[in-house]
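Peer 1: Here's the letter readout for the chains.
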Amino acid sequence: MKRILSFIVVVLITTGVMIGTSPGLLNSLKLGLDLKGGFEILYEAQPLEAGQSVTRQSLIQTAQSLERRINALGTTEPEVTTEGSNRIRVRLAGVTNEAEVRSMLKKPAELTFRSATAADAKKPGQYSKIELRGNDFVENGAVVGYDQLNQPEISIKVKDKAKFAEITKRLLNKELAIFLDQELLSAPTVRGELTDGSASITGSYTRDEANKLADTINLGALPLKLTEKYSQSVGATLGQLSLDQTIRAGLIGSIIILVFMIAMFRVPGLVASFCLIVHTWVVLAIFYLGGFVLTLPGIAAFVLGIGMAVDANIITYERIKEEIKSGKTIRSSVIAGSKASFRTVMDANVTTIIAAAVMFGLGTGSVRGFALVLIVDIVTSILTNIFFSRFLLNLLVKADAVKKAKYFGVKESDISAL
Amino acid sequence: MRFNWNLKYIKMSKWFYTFSIIITLLGILSLSIFGLNYGVDFRSGSNVDVNLTKVVTQEQIQTLLDKQKIGKEVDYTPGKERFGIRFSQVLTDQQVNDFKISFNKQLDPKASFEVNTVDTEMAQELEQNAIWAILLACVAIAVYISIRFEWRFAIAAIVSLLHDAFLVISIFSLFRLEVDLTFITAILTIVGFSINDTVVIFDRIRENLRFAKKKSRDDLEQVVDHSIAQTMTRSLATVFTVFIASVCLFIFGGESIRMFSLAMVIGLLFGAYSSIFIASPLWVALKGKQKSPTAGGGAAKTAKS
Numbered sequence: 001m002k003r004i005l006s007f008i009v010v011v012l013i014t015t016g017v018m019i020g021t022s023p024g025l026l027n028s029l030k031l032g033l034d035l036k037g038g039f040e041i042l043y044e045a046q047p048l049e050a051g052q053s054v055t056r057q058s059l060i061q062t063a064q065s066l067e068r069r070i071n072a073l074g075t076t077e078p079e080v081t082t083e084g085s086n087r088i089r090v091r092l093a094g095v096t097n098e099a100e101v102r103s104m105l106k107k108p109a110e111l112t113f114r115s116a117t118a119a120d121a122k123k124p125g126q127y128s129k130i131e132l133r134g135n136d137f138v139e140n141g142a143v144v145g146y147d148q149l150n151q152p153e154i155s156i157k158v159k160d161k162a163k164f165a166e167i168t169k170r171l172l173n174k175e176l177a178i179f180l181d182q183e184l185l186s187a188p189t190v191r192g193e194l195t196d197g198s199a200s201i202t203g204s205y206t207r208d209e210a211n212k213l214a215d216t217i218n219l220g221a222l223p224l225k226l227t228e229k230y231s232q233s234v235g236a237t238l239g240q241l242s243l244d245q246t247i248r249a250g251l252i253g254s255i256i257i258l259v260f261m262i263a264m265f266r267v268p269g270l271v272a273s274f275c276l277i278v279h280t281w282v283v284l285a286i287f288y289l290g291g292f293v294l295t296l297p298g299i300a301a302f303v304l305g306i307g308m309a310v311d312a313n314i315i316t317y318e319r320i321k322e323e324i325k326s327g328k329t330i331r332s333s334v335i336a337g338s339k340a341s342f343r344t345v346m347d348a349n350v351t352t353i354i355a356a357a358v359m360f361g362l363g364t365g366s367v368r369g370f371a372l373v374l375i376v377d378i379v380t381s382i383l384t385n386i387f388f389s390r391f392l393l394n395l396l397v398k399a400d401a402v403k404k405a406k407y408f409g410v411k412e413s414d415i416s417a418l
Numbered sequence: 419m420r421f422n423w424n425l426k427y428i429k430m431s432k433w434f435y436t437f438s439i440i441i442t443l444l445g446i447l448s449l450s451i452f453g454l455n456y457g458v459d460f461r462s463g464s465n466v467d468v469n470l471t472k473v474v475t476q477e478q479i480q481t482l483l484d485k486q487k488i489g490k491e492v493d494y495t496p497g498k499e500r501f502g503i504r505f506s507q508v509l510t511d512q513q514v515n516d517f518k519i520s521f522n523k524q525l526d527p528k529a530s531f532e533v534n535t536v537d538t539e540m541a542q543e544l545e546q547n548a549i550w551a552i553l554l555a556c557v558a559i560a561v562y563i564s565i566r567f568e569w570r571f572a573i574a575a576i577v578s579l580l581h582d583a584f585l586v587i588s589i590f591s592l593f594r595l596e597v598d599l600t601f602i603t604a605i606l607t608i609v610g611f612s613i614n615d616t617v618v619i620f621d622r623i624r625e626n627l628r629f630a631k632k633k634s635r636d637d638l639e640q641v642v643d644h645s646i647a648q649t650m651t652r653s654l655a656t657v658f659t660v661f662i663a664s665v666c667l668f669i670f671g672g673e674s675i676r677m678f679s680l681a682m683v684i685g686l687l688f689g690a691y692s693s694i695f696i697a698s699p700l701w702v703a704l705k706g707k708q709k710s711p712t713a714g715g716g717a718a719k720t721a722k723s
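Residue numbers (our numbering), protein chains in the order written: chain A, 1 to 418; chain B, 419 to 723.
Treat the hints as calculated values from the structure; they're not laboratory data.
Beta carbons: idealized from backbone N, C-alpha and C, even for Gly.
You may find that some hints are simply not true.
Calculated cross-link-like contacts (lysine to any residue; reagent style SDA-like; alpha-carbon spacing at most 25 Å) [stated by the list, open to error]:
| # | chain 1 | residue 1 | chain 2 | residue 2 |
| --- | --- | --- | --- | --- |
| 1 | A | 36 | B | 499 |
| 2 | A | 36 | B | 511 |
| 3 | A | 212 | B | 511 |
| 4 | A | 411 | B | 499 |
Just a sample of chain A residues kept apart from chain B, beta carbon distances all over 12 Å, derived [to be verified]:
| # | residue |
| --- | --- |
| 5 | 193 |
| 6 | 203 |
| 7 | 205 |
| 8 | 215 |
| 9 | 237 |
| 10 | 364 |
| 11 | 406 |
The following label-pair restraints were derived from C-beta to C-beta distances [unchecked claim]:
| # | chain 1 | residue 1 | chain 2 | residue 2 | range |
| --- | --- | --- | --- | --- | --- |
| 12 | A | 47 | B | 550 | 21 to 29 Å |
| 13 | B | 538 | A | 159 | 31 to 39 Å |
| 14 | A | 46 | B | 489 | 28 to 36 Å |
| 15 | B | 496 | A | 83 | 29 to 37 Å |
| 16 | A | 361 | B | 449 | 41 to 49 Å |
| 17 | B | 496 | A | 160 | 35 to 43 Å |
| 18 | A | 67 | B | 528 | 51 to 59 Å |
| 19 | A | 379 | B | 478 | 45 to 53 Å |
| 20 | A | 174 | B | 481 | 50 to 58 Å |
| 21 | B | 440 | A | 4 | 51 to 59 Å |
| 22 | A | 404 | B | 629 | 48 to 56 Å |
| 23 | B | 550 | A | 28 | 32 to 40 Å |
Throw the hints in and build the complete structure from the sequences for me.
Peer 2: Listed below in structure tokens is the structure:
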């Protein structure tokens, strides 16, 4: 009686916790861009000047700058990660102004400060000698302020003071033009020799123009040049559609599996079904707690994981059925069956984890996401569908609540006498 | 009324070997003649999937593309709700944007888009990574099985899982189904599942071996046949459940995981098949070689246990 009571209490508490937390859990899950709409770009970074190499530090710095850039545009939760030795992956879910963000990201083109050579002097507006490059500036050092006349001015900082002093001395009262790629942005005149490494650019800028120029200089200060290698963009409605379809598929599949389990294994089947639901809840909770992003392949892995979790139960229950058929009592059948099947289940799960781990190690982007879900899924499945399920079944059996073989889906006629 | 699974699986194996070899040869032939139908993930270019809210014909889209001068070398996958357009050139942001705007303006104002673009260099790298992943997974699994079982089990398991992976690839090549990144994921998952199935049977074989007579090859075959029969209900039940999950994903799931689900469905069936008809007989063949010199051909027949 005590055992049957603890069984009921455990089931009720678990169910209560699940019902209580599920709505909050589901709403706060982070969805990937394939489910919410948005885009993903993989950039390859190259050094701005030939002969230099991409260092880990410069890559991280570039990624951070990109993130700041995106944040400045007011987009929610950008995900900027470095990958390998020279890649940066940018993921933006739920972006509405895609075109704008993309062109902004793409901009880390080459920023140069140029002066006119003797040859250029004949043609006004021509500047061909590169004096400074974007990476000569202190990152995010360009700030918009106001001068005494309340005119917007942009203050900049360079890394090499001596070099800057030399340039400003040489170009005193000449123009130092700012170029983005081949486009002339502005051509301020040098007003004095600047030795402290900072300067202000003044001119008749509007506030917007000044902001834009400051942004561009900050962008140009990105130490690396980025080229797009891969991109994926999903419309918001399409993402929602995929989400709905996949969840529907998952629900239908799960219901068929649950019905099948109960039909085949009766009481243990019911226990297994309950554990499967707990399993789903635990995986979602891990996703929430770990801050993982759920993507479409992730959901697919999740649904398949339910199939795998069921396998652990099938192996165990089939074994228990065999033991019952051999004439053992229900109680010893459950003990013997659980024990004999444990090694098999572990071996089977470990091999799949190995495959998933390889996927995680070598894969990129969505493959990685898939592998991660699969691993989380299998590990939770071991906990819920082996240990928890066994614990519940043992409570029932020890309480003598399930005494008949037919509760296990075994016909009396199949049992051979010992 | 219950079906008796006690069949002579090992004796039947030559038929299954023949079957598998024929399909494998067909696969090699198809792969060398047609190759695989690579999606943009592996072939550089851009892929645009349009989700339609009303009927739009291929001609209308072609006209639109021609006007934009990006209509050359385009493949279409028409569908009622979802229209796939694949460009062999890499579209620029500008081109994609123009296309979206004019599509919304002229054909379907509510259409939404999914755009994928991959650089050539990147595509090759993805493919190489995928092959490495499969090989590395095989090696890692082989090591694990060798430790937990013995090397003969490992060899038989690896052959059968490579068989499964290769047959799925062959079928995708034969039927010109599109291979993308999710396909690789599917192949790797199949590898995981296939080995799962095999391990369960091998586990039973190993267990039964402890109490079995193992004097002749016949004894060995009997143990294996018996082990397969014992695990048959489990094999069928498991294949059924995972199969149901994959079929549901295939039928009801989103378009972007359709090929993934299809690969899973095919792979699962081959996985169950090969565990029983390829991996197990192969192990008998390997183990039998070890036994035959000592046990000899004329070993005593054993009584049924």
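Peer 1: Taking 41 to 49 Å as the hint, is the beta-carbon distance of residue 361 of chain A and residue 449 of chain B inside that range?
Peer 2: For residue 449 of chain B against residue 361 of chain A, whose Cβ atoms are near 27 Å apart, the range 41 to 49 Å is violated.
Peer 1: If you draw a straight line from the CA of residue 212 of chain A to the CA of residue 511 of chain B, is it 25 Å or shorter?
Peer 2: 21 Å, holds
Peer 1: Falls inside 21 to 29 Å, the C-beta gap from residue 47 of chain A to residue 550 of chain B?
Peer 2: 27 Å, holds
Peer 1: Verify the CB-CB distance for residue 404 of chain A and residue 629 of chain B against the hinted window 48 to 56 Å.
Peer 2: 30 Å, violated
Peer 1: Can you let me know if the beta-carbon spacing of residue 379 of chain A and residue 478 of chain B is within 45 to 53 Å?
Peer 2: 50 Å, holds
Peer 1: Does residue 499 of chain B lie within 25 Å of residue 36 of chain A when you go C-alpha to C-alpha?
Peer 2: Answer holds: residue 36 of chain A to residue 499 of chain B is near 19 Å, not above 25 Å.
Peer 1: Regarding the assertion that residue 406 of chain A does not contact chain B, is the least Cβ-Cβ distance greater than 12 Å?
Peer 2: Non-interface label stands for residue 406 of chain A: nearest chain B Cβ at 15 Å, farther than 12 Å.
Peer 1: In terms of Cβ atoms, is chain B entirely out of 12 Å range of residue 205 of chain A?
Peer 2: 28 Å, holds
Peer 1: That 28 to 36 Å hint for residue 46 of chain A and residue 489 of chain B (C-beta), does it hold up?
Peer 2: Check passed, 33 Å falls within 28 to 36 Å.
Peer 1: If you draw a straight line from the CA of residue 411 of chain A to the CA of residue 499 of chain B, is it 25 Å or shorter?
Peer 2: Judged against 25 Å, a Cα distance of about 50 Å means the pair is violated.
Peer 1: Can the suggested window of 51 to 59 Å be confirmed for the beta-carbon pair residue 440 of chain B and residue 4 of chain A?
Peer 2: 58 Å, holds
Peer 1: The hint says 31 to 39 Å between residue 538 of chain B and residue 159 of chain A; measuring C-beta to C-beta, is that right?
Peer 2: About 36 Å separates the Cβ atoms of residue 538 of chain B and residue 159 of chain A, which means 31 to 39 Å holds.
Consistency with the previously given hints fails for numbers 4, 9, 10, 16, 17, 18 and 22, ordered from lowest to highest.
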